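Residue numbers (the numbering used here), protein chains in the order written: chain Y, 1 to 681; chain Z, 1 to 183.
It should be emphasised that the hints constitute simulated quantities derived from the structure, not laboratory data.
Possibly wrong hints are sitting among the right ones.
If you want a taste of the chain Z side facing chain Y, the calculated C-beta under 7 Å gives, among others [unchecked claim]:
no.	residue
1	Ala16
2	Ala19
3	Ala26
4	Arg31
5	His32
6	Ala33
7	Thr109
8	Ala133
9	Ala136
10	Glu146
11	Glu158
12	Ala159
13	Gln178
14	Leu180
Residues of chain Y clear of chain Z, computed beta-carbon distances all greater than 10 Å [claimed, not checked]:
no.	residue
15	Thr18
16	Glu125
17	Gln133
18	Gly144
19	Gly145
20	Thr149
21	Asp176
22	Trp380
23	Gly472
24	Glu620
Bear in mind the structure is a predicted one, so any value in this text is a computation, not a measurement.
The C-beta atom is built at its ideal place from N, Cα and C for all residues, glycine as well.
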Amino acid sequence: MAKVVLGKDNPVFPGTLTDLQDADFIIILGPNGSGKTSLLSPFRKPGSMGRVYGLDADHRAEELTSSTQYQSLAFIASQALMEKVQNLRDAIALASNSPRVQQESTVLQLCVRQLESSGGPQSDEPPILRQLQRTYLDLDARCGGIRRTTETYNALGRKLASACGRHWNGFEPRPDLAVSLEASLVPAFAGVRGFQECAVSLQRLIGFARDTDTFGSPAQRLRSAHEQLARAVDELCTRYRLTSAGGCPAVVSQLEHQKQVTQELIDAKDRLSACRRAALKYLAGISQESRAPCPVCEQDMHVSQVLTRLSEQGQHEGSGADQETAGLRALIVEIDRSLHLLQSRSADHARCLQNALEHSEKSKQILQSVLSRLTPADGWDPWFCDALADLRVEIERWLVAHSDATTAEAERQFGQIATLAGGIDDEGQLRERRLRNDHEPLLRDFDQFQRLGCLLRARHELNAVVYRLDVGRHEADLRRRQQLARWTQLIARMAEERRVQAETDRSQALDTPEAQGAFQRLVTRFEEVDPWLAGLRYDGSEDGRKNPYLRSVDPGESVLKLSEGQTVVVNLGAALTVAGVLARAGSGVPWVVLDEPTNALDQTSSNAVAEYLGSVTMRELPCQIFVSTFDEGFAIRLRERATRAGRTVRLVRLNYHERGGIPSERRLRIAGIETYPPQHP
Amino acid sequence: MSDGLKESTMIQLSHAADALLDRCLACCNERHAPQSFGSFFQHAVAQALGCIDRYRGCYANPGAGQPDVIAGDTGFEVKTHMGVSIELTGNYAAIRSQYARFRLIFLRTDLRPFQLGVLEVPATVPRRINLGATVAEGLTVDADLEMQLGNELSATLEAVGTDWSDAQSPDQAREVLQHLLRR
């Protein structure tokens with residue numbers, strides 16, 4: 001670097017500092033207010049504050065500040081040195097400027113998010129429009145197959161109105177009125193009035209008759225049982241020569257009597273045989289010559305004759321009498337069978353009679369019930385009323401004629417009544433079906449009519465929304481949106497570049513063994529001044545929350561608590577480390593500027609900083625070093641230490657610049673420039 | 001308007017018709033056949049044009065090398081288009097030269113509501129036509145037809161409703177139009 005030329009906005013303009021290319025350590029010494037910071041400001045903010053020039057290969061002046069990429073890293077203000085740090089990561093990050101770049105990235109990302117969330121210009125489309133369109137489409141989908149026109153709607157309306165005997169005004173000009181009138185056009189069901197009220201009773205009547213037919217007529221069953229019983233009585237009377245007078249009970253009685261007589265005859269015969277056997281046994285014991293009365297004719301005769309006669313008779317009876325007895329026993333069995341048959345027939349008859357009586361009673365109940373329900377009311381269909389009247393007459397006639405037990409005639413007449421009721425029911429259903437067939441198309445029409453009405457109303461409401469797209473404005477908005485998108489993209493890219501740069505700066509400054517070693521070497525020089533500070537070590541691992549990147553030799557001390565002076569030294573070490581890394585990396589850092597590095601330091605620390613800063617060799621920091629200070633002692637110690645470290649030192653002494661507020665009177669006042677060559681041991 | 005441009009009179013259909021067109025386009029996209037929307041629209045336009053006295057009896061011509069709709073000495077090119085300008089490449093000049101009058105009926109589908117426009121295509125067919133808020137000096141807007149067609153197309157679409165928009169194919173949509181609008 002060859003010279004510094006101050007710009008017109010510089011507080012100490014005009015002023016120039018020249019021939020700097022021969023020195024590599026420049027100390028600007030002057031009291032507060034002499035313009036030291038102003039003189040150095042072109043290093044930080046080139047432009048109207050001034051510019052810094054070097055010499056090219058042909059010794060022509062070449063502006064350096066415009067091409068210096070890391071100039072902000074190379075300008076170390078006292079304020080930056082006093083930033084609080086807790087570890088090396090903080091310090092080096094601060095020195096590498098990555099927080100600022102990261103902050104820029106964050107701000108830019110925020111801008112991107114805000115731009116994206118703004119979403120460009122808002123549409124002025126009424127929100128209700130979309131909602132009404134959805135409603136309209138839903139209603140339209142329910143009108144499939146219908147032509148969705150007012151004409152269709154009105155045609156349906158006229159048809160329904162005609163069926164209802166009403167007048168239809170049409171959809172136009174009052175759609176709301178038309179829709180409100182829809183309900184009044186519902187086709188009323190015109191069935192056989194009164195038929196539905198009587199349908200159950202008629203069905204009950206018909207069903208009872210049908211059941212009678214299905215399960216057989218009780219009257220017929222009774223008659224059949226009666227005939228079978230009579231036939232059995234007649235047959236038995238003939239067979240046993242009985243009299244039929246008195247009916248079945250008398251016949252039964254006669255049969256039982258006959259059975260009893262027969263049984264008595266058998267018993268008598270049995271007794272006679274027993275007597276004969278006893279007589280034979282008795283006579284066999286007495287003299288056969290004696291006389292004895294004959295047991296049959298009671299004539300007095302000889303016993304032998306009696307025995308002979310008894311024997312003969314006994315032999316005769318032995319064959320014939322047994323046959324007679326067997327015949328008598330068979331007769332009893334036959335009489336028992338006949339009695340059983342008669343009792344069975346009689347029981348059948350009794351059961352059929354009971355059944356017939358119950359059926360008759362139920363028939364009467366049904367007819368009486370139906371009669372009470374089939375009373376025509378006002379407004380009932382005339383045809384149905386006439387039919388019911390005929391039916392009622394027949395029912396009443398039956399009830400009068402058949403108040404007692406059932407008869408076949410009663411059943412026949414009941415069947416005629418049921419047939420009549422069935423005819424009425426069939427005719428009623430037929431008429432209802434006809435009417436329903438006529439009614440269903442009207443119902444379908446009404447359904448379509450209502451759907452169409454709702455659709456037309458929704459469409460009317462939708463089309464009444466006033467919204468027209470301003471195409472010109474829309475296209476302008478579109479162009480603006482596209483521009484905005486391009487800007488957003490650009491800003492996002494800038495944010496990303498800064499994020500990457502911050503990461504790169506940090507990693508370059510922090511993650512190299514070279515940087516860590518440089519820092520280590522720098523802080524060890526404080527051994528005599530501050531052994532604790534000199535004992536700080538860089539801890540490169542990142543394996544724990546409590547593991548700082550700069551730690552004390554004391555293992556229990558995980559977070560640094562630095563004084564202001566120690567903070568300055570640590571930050572200075574970090575800044576010089578970063579600058580050294582960048583300078584050695586050829587990153588375009590031709591200088592390092594330290595503006596008042598001893599602010600806030602006591603004398604001892606100030607001496608230490610002079611010792612420390614002056615001892616930085618060209619190898620450690622291969623660039624020009626500018627240091628401004630108000631402290632002459634510090635400047636002298638710095639000069640002595642730097643020359644011993646092999647640097648050529650130039651000491652620039654400033655006086656107060658002229659004040660007065662008039663630009664032409666302001667200027668830099670250089671009191672003297674001294675050059676000190678390096679002292680080689 | 002300056003710079004050789006003049007204002008376009010593109011019109012909107014009724015909101016109901018617009019909803020049906022939007023639904024139709026969505027259905028075409030769902031079927032992965034967005035290009036079929038153009039055919040749906042052409043059939044509807046042909047039907048609507050037939051309701052205008054001057055073009056009564058017009059017919060759609062699906063063949064290549066002919067206008068989409070023909071009504072006597074007037075040919076109609078029917079386009080649905082996303083964007084401000086449209087390229088008239090191909091044999092438009094040859095097609096145009098066969099008709100005394102030629103109209104470009106277009107629907108801007110990138111705008112909501114859709115915008116309908118009718119331009120007179122001059123004898124010398126330009127390569128590119130602007131369909132935006134402005135039209136080039138050499139082109140003329142057929143504002144009368146635009147208005148009539150807008151009304152008739154709205155009425156046509158409203159009459160057929162979702163039966164048309166939800167049809168599975170342009171042919172089915174045309175059948176719906178013919179069936180429901182048979183007079």
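The hint names Thr109(Z) as touching chain Y; please verify it with the least Cβ-Cβ distance against 7 Å. violated (13 Å)
At a threshold of 7 Å, is the proposed contact between Ala133(Z) and chain Y supported by beta-carbon distances? It holds, given that the least Cβ distance between Ala133(Z) and chain Y is near 4 Å, below 7 Å.
May I ask you to test the interface hint for His32(Z) with respect to chain Y, counting a Cβ-Cβ separation under 7 Å as satisfied? It is violated, given that the least Cβ distance between His32(Z) and chain Y is near 22 Å, above 7 Å.
With chain Y as the partner, please determine if Leu180(Z) meets the hint condition of a C-beta pair closer than 7 Å. holds (5 Å)
For Asp176(Y), is the shortest beta carbon distance to chain Z beyond 10 Å? Since the minimum Cβ distance to chain Z is about 17 Å, Asp176(Y) lies beyond 10 Å and the statement holds.
Minimum Cβ distance from Gly472(Y) to chain Z greater than 10 Å, as the annotation requires: Violated, because the least Cβ-Cβ distance between Gly472(Y) and chain Z comes to about 4 Å, which does not exceed 10 Å.
Taking the closest pair, is the beta carbon of Glu620(Y) still more than 10 Å from chain Z? holds (64 Å)
Is the claim that Thr149(Y) lies outside the interface with chain Z correct, judged by CB distances over 10 Å? violated (5 Å)
Claimed clearance of chain Z by Gly145(Y), with the beta carbon kept past 10 Å: violated (7 Å)
Is it correct that the beta-carbon of Gln133(Y) has no partner in chain Z closer than or equal to 10 Å? violated (4 Å)
Should the interface hint for Ala26(Z) be scored as holding, given a Cβ-Cβ cut-off of 7 Å against chain Y? Hint on Ala26(Z): violated, closest Cβ of chain Y at ~11 Å, above 7 Å.
Minimum beta-carbon distance criterion (7 Å), Arg31(Z) to chain Y: It is violated, given that the least Cβ distance between Arg31(Z) and chain Y is near 18 Å, above 7 Å.
Consistency with the previously given hints fails for numbers 3, 4, 5, 6, 7, 9, 10, 13, 16, 17, 18, 19, 20, 23, ordered from lowest to highest.
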